[in-house]
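Can you build the whole structure from these sequences, using the hints too?
There are 2 protein chains.
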Amino acid sequence: MTPKLSEYLAFAHRLADASAEAIRPHFQTHLTATDKKDRGNQYSPVTAADQAAEAVMRRLINETYPDHGIFGEEQGVENLDAEYVWVLDPIDGTRSFLVGFPIFGTLIALNHQGTVEFGIMNQAISGERFVGGPEGAFLGERRIKTRSCADLADAILCYSGPWLYHKENERRVFDQVAKRVTLTMHVGDCYNYCMLALGMIDLVIETELNPWDIQALIPIIEQADGIVTTWNGGRVEDGGQVIACGDRRLYDQVMPILAQAADA
Amino acid sequence: MTPKLSEYLAFAHRLADASAEAIRPHFQTHLTATDKKDRGNQYSPVTAADQAAEAVMRRLINETYPDHGIFGEEQGVENLDAEYVWVLDPIDGTRSFLVGFPIFGTLIALNHQGTVEFGIMNQAISGERFVGGPEGAFLGERRIKTRSCADLADAILCYSGPWLYHKENERRVFDQVAKRVTLTMHVGDCYNYCMLALGMIDLVIETELNPWDIQALIPIIEQADGIVTTWNGGRVEDGGQVIACGDRRLYDQVMPILAQAADA
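Quick note, the sequences are listed as chains F and C, same order. Just so we're aligned: 151 in the numbering used here is position 151 of the first sequence, and the numbers increase by one with no gaps anywhere. Just so we're aligned: 54 in the numbering used here is position 54 of the second sequence, and the numbers increase by one with no gaps anywhere.
Errors might be hidden in some of the hints.
When chains are identical, the list treats them as one kind, so a pair holds in a single copy or across two.
Claimed, not checked - With a cut-off of at most 20 Å between alpha-carbon atoms, the simulated DMTMM-like pairs for lysine to aspartate or glutamate come out as follows:
#1 179 / 168
#2 145 / 247
#3 179 / 35
#4 36 / 154
#5 167 / 222
#6 4 / 67
#7 37 / 154
#8 179 / 141
#9 167 / 141
#10 179 / 74
#11 4 / 252
#12 37 / 263
#13 167 / 38
#14 37 / 83
If you are wondering where the hints come from, they were derived from the structure by calculation, not from laboratory data.
Right, dumping it as structure tokens:
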């Protein structure tokens with residue numbers, strides 16, 4: 001890793017610490033959620049914790065690297081033409097946060113001219129911190145790796161919840177996969193991708209992701225020897241239809257099914 | 001609380017400590033799950049962690065109170081005619097445990113001639129410990145209370161997952177409720193009932209629960225001013241169709257819907 005990138009990664013850890021500090025006082029308290037109404041007729045909650053966590057990260061970035069850009073879920077874009085752009089989701093999994101489940105995460109990615117240099121997923125309550133970058137994928141100090149799973153019948157599939165699949169063709173192919181696996185979990189957001197990188201589960205299949213939902217997770221998954229692509233095999237930096245898989249053989253079984261509903 | 005009950009409650013905390021110690025080394029490791037095949041064609045996983053946690057609790061009970069009975073999920077019944085019977089679920093939420101989500105729990109109830117004297121829900125990873133008994137409902141040292149929610153349209157509903165509803169009539173009434181709430185979460189097991197007692201959510205609606213799935217939770221919910229009954233308004237010590245609710249007004253709205261599929 002270059003000295004500059006090391007410096008940026010150390011700074012990203014500061015962002016993770018600061019966001020966790022902003023989030024923790026709100027966890028399992030009586031928060032009000034506001035429906036952002038940015039997902040058609042789907043519920044899209046945001047809370048004071050999301051706002052506080054994004055604000056503190058933006059302030060630190062602006063103070064420390066005023067020439068860097070910011071692409072955040074809650075508070076918009078700044079200077080997107082910059083060489084380096086921080087892509088932030090203060091609370092990915094606001095539903096889980098709202099009900100008191102510690103399986104949401106803060107996502108921090110550093111995007112350099114279209115490529116994610118490194119990503120962090122920080123769980124503010126447990127302190128679990130997943131990092132993916134040029135030196136590998138880690139949970140805390142421990143190097144992590146996906147597990148092998150050659151057959152869909154043995155797989156564990158996770159996704160964020162049924163609300164994700166409101167398009168009939170996407171739901172149909174998702175259900176085709178889901179009915180063949182051992183176990184499907186209907187919750188999890190970014191935590192699912194990290195459990196895949198950790199070798200706990202085999203498959204995540206989602207749609208309509210935003211760039212800030214996925215960019216930090218790309219190096220965590222790939223450096224753990226996982227695969228993450230769009231449903232047509234392309235790059236996922238822009239979000240959309242996403243498949244993550246721990247084993248190439250499983251990926252090859254699932255892709256022909258997803259292809260039926262893949263965007264061009 | 002009588003001196004005897006205080007002694008038993010102190011002992012129950014030892015059981016919670018010991019079970020957590022048995023569970024922790026297995027969490028987020030590459031465990032094999034066995035399908036117990038005790039739920040028809042539904043997946044019903046058990047792991048070495050469930051077995052180890054139940055075994056250590058049974059050993060402590062047998063050593064300390066050899067005249068007490070035990071009713072455990074994984075290792076059967078002993079001396080059910082005893083005056084005091086310990087009702088144990090070493091890992092409620094084995095699916096969550098399996099995929100690495102720290103939202104499962106160890107359930108410990110002391111049943112005295114049909115009535116639950118106290119219950120503990122212990123989260124082995126976070127250390128969260130919910131206790132309900134004659135002195136109230138607590139998370140750690142903090143007294144807890146359900147929140148008010150007068151209208152179904154404002155409610156958050158949780159349940160363990162779609163696999164629970166394989167009977168058509170039960171699924172239909174569940175869906176009728178679910179389509180009217182703000183947010184439904186499809187995971188959670190015992191953690192949901194504790195989040196209800198903590199005032200984070202409003203409603204849990206489930207079916208086919210076993211006595212060990214619910215007994216420890218009854219005093220936690222009721223002492224937090226919540227309501228927990230069967231779908232026909234009866235006692236839930238035996239499990240079956242269960243509704244838990246944080247606000248009587250909400251309960252009165254939901255019960256007529258559930259009544260359409262309530263067991264006699």
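Hint-by-hint comparison with the structure:
In this homomeric assembly, residue 179 and residue 168 come within 20 Å of each other (Cα to Cα) both inside a single copy, at 16 Å, and across copies, at 18 Å. In the homo-oligomer, the alpha carbons of residue 145 and residue 247 lie at most 20 Å apart inside one protomer (11 Å), although the nearest pairing across protomers, at 46 Å, exceeds that limit. Proximity of residue 179 and residue 35 under a CA criterion of 20 Å is satisfied inter-copy only: 17 Å between copies versus 32 Å inside one chain copy. Taking identical chains as interchangeable, the C-alpha atoms of residue 36 and residue 154 lie at most 20 Å apart only when they sit on different chains, with a minimum of 16 Å there against 38 Å within one chain.
Proximity of residue 167 and residue 222 under a CA criterion of 20 Å is satisfied in neither setting, with 28 Å inside one chain copy and 41 Å between copies. When the C-alpha separation of residue 4 and residue 67 is checked against a cutoff of 20 Å, the pair qualifies only within one copy, where the shortest distance is 14 Å, while the shortest distance between copies is 68 Å. For a Cα distance limit of 20 Å, the shortest separation of residue 37 from residue 154 across copies, 16 Å, qualifies, whereas the shortest one inside one copy, 38 Å, does not. With identical chains, the CA atoms of residue 179 and residue 141 are never at most 20 Å apart, being 37 Å at best within one copy and 44 Å at best between copies.
In this assembly of identical chains, the alpha carbons of residue 167 and residue 141 never lie at most 20 Å apart, being 41 Å within a copy and 47 Å across copies at closest. Proximity of residue 179 to residue 74 under the C-alpha cut-off of 20 Å is found in neither arrangement, the shortest distances being 35 Å within a copy and 27 Å between copies. Taking identical chains as interchangeable, the C-alpha atoms of residue 4 and residue 252 are never at most 20 Å apart, the minima being 38 Å within one chain and 62 Å between chains. For a Cα distance limit of 20 Å, the shortest separation of residue 37 from residue 263 qualifies neither inside one copy, at 24 Å, nor across copies, at 39 Å.
Taking identical chains as interchangeable, the C-alpha atoms of residue 167 and residue 38 lie at most 20 Å apart only when both belong to the same chain, with a minimum of 16 Å there against 35 Å between chains. Taking the shortest Cα distances, residue 37 and residue 83 never come within 20 Å of each other, neither inside one copy (32 Å) nor across copies (56 Å).
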